[in-house]
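A.B. asks: Spelled out, the chains give:
2 protein chains.
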Amino acid sequence: MAAFPFEIAATDGAARTGVLKTPRGDIQTPAFMPVGTAGTVKALTVDQVKASGAQIILGNTYHLMLRPTAERVKRLGGLHRFMRWDGPILTDSGGFQVMSLSKISKVTEDQVTFQSHIDGSRHALSPERSMEIQADLLGSDIVMQLDELVAWPAEEAKAGEALRRSARWGARCRAAFGTRDTQALFGIQQGSTIESLRRESSDRLLEIGFDGYAIGGLAVGEGHAAMCEVLDYAPGLLPADRPRYLMGVGKPIDLVEAVARGVDMFDCVLPTRSGRHGQAWTWDGPINLKNARFAEDETPLAADVDCPASRDYTKAYLHHLVKSDEILGQVLLSWHNIAFFQHLLREAGAAIREGRMEAFRRAFRARQSVAEG
Amino acid sequence: MAAFPFEIAATDGAARTGVLKTPRGDIQTPAFMPVGTAGTVKALTVDQVKASGAQIILGNTYHLMLRPTAERVKRLGGLHRFMRWDGPILTDSGGFQVMSLSKISKVTEDQVTFQSHIDGSRHALSPERSMEIQADLLGSDIVMQLDELVAWPAEEAKAGEALRRSARWGARCRAAFGTRDTQALFGIQQGSTIESLRRESSDRLLEIGFDGYAIGGLAVGEGHAAMCEVLDYAPGLLPADRPRYLMGVGKPIDLVEAVARGVDMFDCVLPTRSGRHGQAWTWDGPINLKNARFAEDETPLAADVDCPASRDYTKAYLHHLVKSDEILGQVLLSWHNIAFFQHLLREAGAAIREGRMEAFRRAFRARQSVAEG
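Going down the list, the sequences are from chains G and C.
Heads up: take any position in the first sequence, counting from 1, add 412, and you land on this note's numbering.
Heads up: take any position in the second sequence, counting from 1, add 412, and you land on this note's numbering.
Treat the hints loosely; a few may be bogus.
Identical copies go unnamed one by one, so any copy, or any two together, can satisfy a pair.
[Claimed, not checked] Using 30 Å as the maximum straight-line C-alpha spacing, the simulated DSBU-like pairs for lysine-lysine come out as follows: (1) K702 <-> K454; (2) K735 <-> K518; (3) K515 <-> K702; (4) K570 <-> K518; (5) K486 <-> K515; (6) K735 <-> K515; (7) K570 <-> K663; (8) K735 <-> K462; (9) K702 <-> K663; (10) K702 <-> K462; (11) K486 <-> K702; (12) K454 <-> K735.
What the hints contain is simulated information worked out from the structure, not anything from laboratory work.
With the hints as constraints, model all of the structure from the sequences given.
C.D. replies: Take a look at the structure:
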């Protein structure tokens, strides 16, 4: 059942650090996956992504199935070859973007139908079709089950129905995917912010059996504190010997709090999206490079982060690029941000190995909060 | 008088190949200078620019004096340190953009006054101020004299007046700049498309004496054929032992025709600007990657050009990026285009050394024309 070996090297409280071994390369955990939405981590070459320390990236089924289409990606040799990324790729199921981006979407027990946000064309996504797109056409390494999402806050009845449908879809995904040596299938825990539902969801997933488990339905508006409350129990409902992936999260402080609670993997558009809007994440919190106080600041964004964008360019220069709307500003800030996220999780891993995760968490929280306050 | 040694290694007809030796590095000629308008070669990191083969870049005085201001660049250690380019930089005088970009500009014998296109603020540029900005504040390696431009077509009387004022300004630039061991000052030949005026301009420049000579006032609407006609005689009016720089040119075919006529250096926004608009320059002419015929074309833009953007990515992938308005599409096409321009001039240099420049010119012209026709 377990497609990829997952070796936990050290634990510290609920936190763990280890390595997920895939045929396309090892993934040190805790791991942050930059989002390569439409076959590109926005604004960055794959060489820059690799240099940031990222060992796995995420691809979006929704975007790719619409453009250039999954069939075309397949004809062009699969997603890895198409975008020239030779490391592992995790693809999402497409469900989240269908519900958040498409013009009209309709969910039935069989499938989701929707209209493209690009040209209004009609499409359908079933559990079986999502498996075909991810595993066979795109050639993803880690495939996500199709799930049904609810908005936050959610009524308990509605959240319960959605998690039960998600579990039925999970079983259909497992059946369609089968078991494979070189590709893994992850299930997704749902249940909004309601503990009994998270437990029910986990039980149903475990009955099916997946190669890894995601925590879905968070970072949808509930806020940092409510998310942390869910993370106090949600990871513990999932098998300790399999990777746990918190979907769509998040800010650096979210990552650190989640790692402390036993999460191993993350993805988020935040570092690249905020980088395109002049924002850099630093040890002292987020800063906006457009701010005049950086106009003659000759310090780098993070001298200790092994990335040219973090270490070699001055804030004064980045300020100038952002003020001048130069593409290079978007490139360098996106690059720095993903390198900073990678560095942060490597530091968290070191803290776990050295039994000082709680001190690391507290110190990081204090520095981030000062800057934000 | 000659600030930098210029060693001509071979000639073939009017064409020459050699090396201009500067304290910040050698420049193999014929050389193409990517334009780093406002402290950045648009969309590219300096490492990508260097990897393209470029040995010198151009900076725009007009843009930099307005933002972040030349004084700020000076306080931040000069233009090289500011933008992290450690090779030679040529700066223009600011005159061209003052006349083409600023809101209102007024030329007197003393100076040009103008309003910023960014915020309407008032500024002045005299020959002495241009020298101060370029040589002392930005810290340019090759400084251009301030000149007065005329539109094309120009009346002979008006073109004559402009070249005479340009010569007087050139003398003031030379006086303000003096002679320096580590920086060079280039004069600019004017005279529109009128041979007697080009001759008069050259005579006046030679009387002053510069470290190198530019051919200005071309690529302003006269067209390829008229430009070639001027280049039949204009380079020969300038000293054979000093570098000749054709300003603001141009398309690959313009470069090859100009090299054949004795030009050594070029700059142009074309490769980066067209790269940002989906256009790639190839051996077979320009192509627009948005075109559906590239949707499943797995060939690279130029397998023989030693640049990842030229050699490693498929046209199909670039088509997808351009169609999807991805920044990476702009980055890769800009990168390829400047690498292609570098490669083209290296090939021209090899043709000169091997005494086959005329055959190279004819063959290149034939391939480019077929694609354009």
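A.B. asks: Indicate which option fits the pair K702, K462 if close means a Cα-Cα distance not exceeding 30 Å: within, between, both or neither.
C.D. replies: Both: 27 Å inside a copy, 28 Å across copies.
A.B. asks: Between the shortest in-copy and the shortest cross-copy C-alpha distance, which are at most 30 Å for K735 and K518: within, between, both, or neither?
C.D. replies: For K735 and K518, only the inter-copy Cα distance (28 Å) is at most 30 Å; the intra-copy one is 43 Å.
A.B. asks: My question is about K515 and K702: at a cut-off of 30 Å on alpha-carbon distance, are they close within one copy, between copies, both, or neither?
C.D. replies: between (34 Å within a copy, 25 Å between copies)
A.B. asks: At 30 Å max between alpha carbons, let me know whether K486 reaches K702 within a copy, between copies, both or neither.
C.D. replies: between (42 Å within a copy, 20 Å between copies)
A.B. asks: How do K735 and K462 come out at 30 Å by Cα distance, when the copy is not named: within, between, both, or neither?
C.D. replies: Both: 28 Å inside a chain and 25 Å across chains, each within 30 Å.
A.B. asks: Check K486 against K515 for me: Cα-Cα at most 30 Å, and say if that holds within a copy, between copies, both or neither.
C.D. replies: Intra 26 Å, inter 52 Å, cutoff 30 Å: intra-copy only.
A.B. asks: From the Cα coordinates, with 30 Å as the cut-off, is the pair K570 and K518 best called within, between, both, or neither?
C.D. replies: For K570 and K518, the Cα distance is within 30 Å only inside one copy (16 Å; across copies 71 Å).
A.B. asks: Which holds for K454 with K735 at a C-alpha limit of 30 Å: within a copy, between copies, both or neither?
C.D. replies: Close inside one copy (20 Å) and across copies (14 Å); limit 30 Å.
A.B. asks: I want to check one pair: K702 and K454. Are their C-alpha atoms no more than 30 Å apart within a copy, between two copies, both, or neither?
C.D. replies: This pair counts as both: shortest intra-copy Cα distance 20 Å, inter-copy 19 Å.
A.B. asks: With identical chains treated as interchangeable, where does the CA-CA distance between K735 and K515 reach 30 Å or less: within a copy, between copies, both, or neither?
C.D. replies: Result: close only across copies, 20 Å inter versus 34 Å intra.
A.B. asks: Can you tell me if K702 and K663 fall within 30 Å by alpha carbon in one copy, between copies, both or neither?
C.D. replies: So K702 and K663 pass the 30 Å test inside one copy only (20 Å; across, 36 Å).
A.B. asks: Could you place K570 and K663 in one of the four classes (within, between, both, neither) given a Cα distance threshold of 30 Å?
C.D. replies: Answer is within; shortest intra-copy Cα gap is 28 Å, inter-copy 63 Å.
Of the hints listed earlier, there is not a single one the structure fails to meet.
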